[in-house]
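Participant: For the protein sequence lines, the chains are A and B, in the order given. All residue numbers for the first sequence refer to my numbering, where the first residue is 32 and numbers rise by one. All residue numbers for the second sequence refer to my numbering, where the first residue is 49 and numbers rise by one.
It is possible that some hints are incorrect.
[Claimed, not checked] To give an idea of the interface, some chain A residues facing chain B are shown, with a C-beta separation under 7 Å as derived from the structure: (1) L54; (2) I150; (3) F151; (4) V189; (5) W285.
These are calculated hints, taken from the structure and not from any lab test. Backbone N, C-alpha and C define an ideal beta-carbon position, used for all residues, glycine too.
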Amino acid sequence: MAAVTVSTRASAATRAPRRLPSLSKALIAIAAYAVAVIFLLPYVEMIVTALRPQSELLERNYLPRHFAWSNFSTLWSTGLGRNIETSLEIAGGATILVLLVAIPAAYYSAKRKFRGRTIFLLLVLVTQMFQPTALVVGIYRQFNDLNMINSIWSLILVNAGFNLAFAIWILNAYFASIPKELEEAAMVDGTNRFGAMLRVVLPMAWPGVVTALIFTFIAAWNEFIVALTLTTNNATAPLTVALNSYIGEYQVDWQHLLGGSVVATIPVIILFAFIEGKVVGGLTAGSVK
Amino acid sequence: MQETSAAAVARADRAASAPISRRGPSAGRRLGRRLQPLAWVGPAAGLIIFAVIWPVYEMFHTSFQNISPIGIVLGSNGTANYKTLFHEPSFGSVVVRTIIWTVVVVTLTMAISLPLAQLFNQRFPGRRITRWALIAPWAASVMMTAIVFRWMLDPNSGVINLLLHQLGIVNGFNTNSSDWLGRPVAALAWMMAVAVFVSLPFTTYTLLAGLQSIPGDVYEAARVDGASKLGTYRLITLPLLRPAALIATLINLMNVFNSFPIIYEMTRGGPGYETSTTTVFMYILKQSNIGEAGAMSVVNFGIVIVIVIAFLRASRWKTEVN
Numbered sequence: 032m033a034a035v036t037v038s039t040r041a042s043a044a045t046r047a048p049r050r051l052p053s054l055s056k057a058l059i060a061i062a063a064y065a066v067a068v069i070f071l072l073p074y075v076e077m078i079v080t081a082l083r084p085q086s087e088l089l090e091r092n093y094l095p096r097h098f099a100w101s102n103f104s105t106l107w108s109t110g111l112g113r114n115i116e117t118s119l120e121i122a123g124g125a126t127i128l129v130l131l132v133a134i135p136a137a138y139y140s141a142k143r144k145f146r147g148r149t150i151f152l153l154l155v156l157v158t159q160m161f162q163p164t165a166l167v168v169g170i171y172r173q174f175n176d177l178n179m180i181n182s183i184w185s186l187i188l189v190n191a192g193f194n195l196a197f198a199i200w201i202l203n204a205y206f207a208s209i210p211k212e213l214e215e216a217a218m219v220d221g222t223n224r225f226g227a228m229l230r231v232v233l234p235m236a237w238p239g240v241v242t243a244l245i246f247t248f249i250a251a252w253n254e255f256i257v258a259l260t261l262t263t264n265n266a267t268a269p270l271t272v273a274l275n276s277y278i279g280e281y282q283v284d285w286q287h288l289l290g291g292s293v294v295a296t297i298p299v300i301i302l303f304a305f306i307e308g309k310v311v312g313g314l315t316a317g318s319v320k
Numbered sequence: 049m050q051e052t053s054a055a056a057v058a059r060a061d062r063a064a065s066a067p068i069s070r071r072g073p074s075a076g077r078r079l080g081r082r083l084q085p086l087a088w089v090g091p092a093a094g095l096i097i098f099a100v101i102w103p104v105y106e107m108f109h110t111s112f113q114n115i116s117p118i119g120i121v122l123g124s125n126g127t128a129n130y131k132t133l134f135h136e137p138s139f140g141s142v143v144v145r146t147i148i149w150t151v152v153v154v155t156l157t158m159a160i161s162l163p164l165a166q167l168f169n170q171r172f173p174g175r176r177i178t179r180w181a182l183i184a185p186w187a188a189s190v191m192m193t194a195i196v197f198r199w200m201l202d203p204n205s206g207v208i209n210l211l212l213h214q215l216g217i218v219n220g221f222n223t224n225s226s227d228w229l230g231r232p233v234a235a236l237a238w239m240m241a242v243a244v245f246v247s248l249p250f251t252t253y254t255l256l257a258g259l260q261s262i263p264g265d266v267y268e269a270a271r272v273d274g275a276s277k278l279g280t281y282r283l284i285t286l287p288l289l290r291p292a293a294l295i296a297t298l299i300n301l302m303n304v305f306n307s308f309p310i311i312y313e314m315t316r317g318g319p320g321y322e323t324s325t326t327t328v329f330m331y332i333l334k335q336s337n338i339g340e341a342g343a344m345s346v347v348n349f350g351i352v353i354v355i356v357i358a359f360l361r362a363s364r365w366k367t368e369v370n
């Protein structure tokens, strides 16, 4: 066991500037744990408040004396399930749409030089930097003209459009790294280019596909300003918008507001952990990997 | 593997036309070849044009229109929307606040991320788990993070006030001193802190990737040459980290400039417009005068374009795609 760790450490040590003595190593570990705790605290408070009994809401203590698990059943009875369903439909729809159009585009632009390739990639990169916030007035006017206010299709299309660039960049990098000979072999066997992409290249680019899938899903799931602008009915709005109905003019229903936030947040943090190491490459268009 | 019919037809076609194909492929096939990229790339380009470019057009168009509060287009308005916008009593202060907001948040984010990236680049037990903790604010919805901070700053029972009271900084609950979000300057400071908090994970991860891309033998060479620890850091680490830091700065500029949910959820931009940035101001204008909101978003868009151009130059995307 010890021998194995020594040999793996030796290769890793060339990456780190130098081996640290154990005292400073301990200090570093403690500092890192403290930072980790600070980053998690707001989400811990989210959970604690979601479980606070109504009678203890105004009390000044870090932890309530009782935990009211029933807050989640009363949360459910406010009809939040319908909003979760809408969010799932929008995030799922946007993710499917992104993969359907990004996979062929990323594949073709990674493997072939064609007229308009540079313009296409420039378009992708420019729109990657655009955010719906700055364009929300235009988005509102567009979907108002199209009579698509309150339609989940409008939110699927906008979320897909604004997250397409990330998917194309990350997939493009994976496709480009797969040797040509593999597809050529498949094409000699009689498969056409599309078949070669599906059967040979796509399975090898699977980590990229999963990254694009999870990233798009989370981005659409969390999206707020466009959903706020294009929905007027809280009962069927996505979760991010619907939660705002717990904020009244004079009173805020904190347990349910934060309970709904817990339901929305915990799954995406877990999902994000799967792609954590690969996201930077897609966001920086390959400038930093 | 089964031969698809399309491939079979293409092969038969090739065989049949072989004797006369000296002058190159037929016109039809040439057209087919030229349209081939469209089949692969067209849907993606179409989606971008529909969902991203069309709103840009609509935004410009709206900024020159006279639209009633309930959304009826009353005709062209010339540049009147822009004149109204620039004569808004709050316009100047909103613009100045946006600049301060963006510069302060991005500067603090970069300044804190650099030591964080150094820290998480070290080897220590449990590094993987601590790095997972770091992603929470990145994965979570910014809107929900802003809401939980608003609750933690509650003047009556927020845990931040509870802690500050125990430390003797806040002298009483339900008082002016505990009502952070009711005072514009204090509210802005707290919202900036939240904006930094949600920007740190991405930035730290980008710098971490930059640090890990520096080859170990560079450090080895410096050590052999007898460079000091500080000298190595200043002369090797920092310069080699520059590209990653530049890209992270530009992406943060864009995110922080466009940051809407934090201010919207914590103060709604108020009291008055005293905690509004240009995006929040635009959103509030949208409720009453959408033409003027269009003019505000065109101004915002101008700033966005400047950041995009800087990003394109910094990202060296051409070498990446070629």
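Participant: Does each hint hold? Answer for all of them.
Facilitator: Hints versus structure:
1. L54: Constraint on L54 (chain A) not satisfied, violated at 12 Å.
2. I150: 9 Å, violated
3. F151: 6 Å, holds
4. V189: 5 Å, holds
5. W285: The hint holds - W285 (chain A) has a Cβ within 7 Å of chain B, the shortest such distance being about 6 Å.
Of the numbered hints given earlier, the model fails hints 1 and 2; all others are met.
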